[in-house]
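Novice: Sequence:
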Amino acid sequence: MPSSSNQIEVIGAGFGRTGTLSLKQALDELGYNCYHMREILKPENNFHSQLWLDAYNNSQSFDYDRIFAPQGYTATVDWPGAYFYHELMNQYPQSKVILTIRDSSESWFVSFYDAFYGTSFMGRLANLIRLYLHDDITRINNAIIGEGTFHKQGTKKDYAIKMYDAHIKQVQKLVPKHRLLVLNVKDGWKPT
Numbered sequence: 001m002p003s004s005s006n007q008i009e010v011i012g013a014g015f016g017r018t019g020t021l022s023l024k025q026a027l028d029e030l031g032y033n034c035y036h037m038r039e040i041l042k043p044e045n046n047f048h049s050q051l052w053l054d055a056y057n058n059s060q061s062f063d064y065d066r067i068f069a070p071q072g073y074t075a076t077v078d079w080p081g082a083y084f085y086h087e088l089m090n091q092y093p094q095s096k097v098i099l100t101i102r103d104s105s106e107s108w109f110v111s112f113y114d115a116f117y118g119t120s121f122m123g124r125l126a127n128l129i130r131l132y133l134h135d136d137i138t139r140i141n142n143a144i145i146g147e148g149t150f151h152k153q154g155t156k157k158d159y160a161i162k163m164y165d166a167h168i169k170q171v172q173k174l175v176p177k178h179r180l181l182v183l184n185v186k187d188g189w190k191p192t
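Going left to right, the sequence shown walks through residues 1 to 192 as the UniProt record's numbering numbers them.
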């Protein structure tokens, strides 16, 4: 359960398309105020895009409270926050980290590719929204996801899967075990 602090307590380190929206909904239900990529689309957060790009260019010295504190966010999942999980851990040393994963790297790539490169109706619709209605999302996707995460090779299946698998290993190596939960959201989140 969340504390009474207005600091980030939960950091989602999982890539997009690993159940981050389900995790956001679960954390919100548990009383956290959870940040997700969709928060950038809210009119009151229109300044977030530039802040995330500033963070991308100065990740070690950036004060992430500039993004999270004004609206009292206490958790963050999905990109762009997941890209900065290590920096966020350092700024919020009391936080816990949740690494969301899929059943397989292959199933993650299929979902990722469809959502970001638009092979299905929903993917094409999402691309149109990003392209025509919210240029800020496109800028963040290009910088943090396209360049920072996938080095402009996100459409190459083998490379994207290699980066996904490497990210999982890196998180498991860098995050102390007492601060890390690895979660496949298909397994559910409620206590049994």
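Wrong hints could be hidden among the right ones.
[Unchecked claim] Derived Cβ-Cβ restraints for the label pairs, each shown as a range: (1) PHE121 x LYS152: 21 to 31 Å; (2) ALA115 x ASN46: 14 to 24 Å; (3) LYS96 x ARG66: 16 to 26 Å; (4) SER22 x TYR117: 34 to 44 Å; (5) TYR159 x PRO2: 20 to 30 Å.
Derived by calculation from the structure, the hints in this document are not laboratory data.
For every residue, glycine included, the Cβ atom is placed at its ideal position computed from N, Cα and C.
Novice: Are any of the numbered hints broken by this structure? If so, which, sorted upward?
Specialist: 4 and 5
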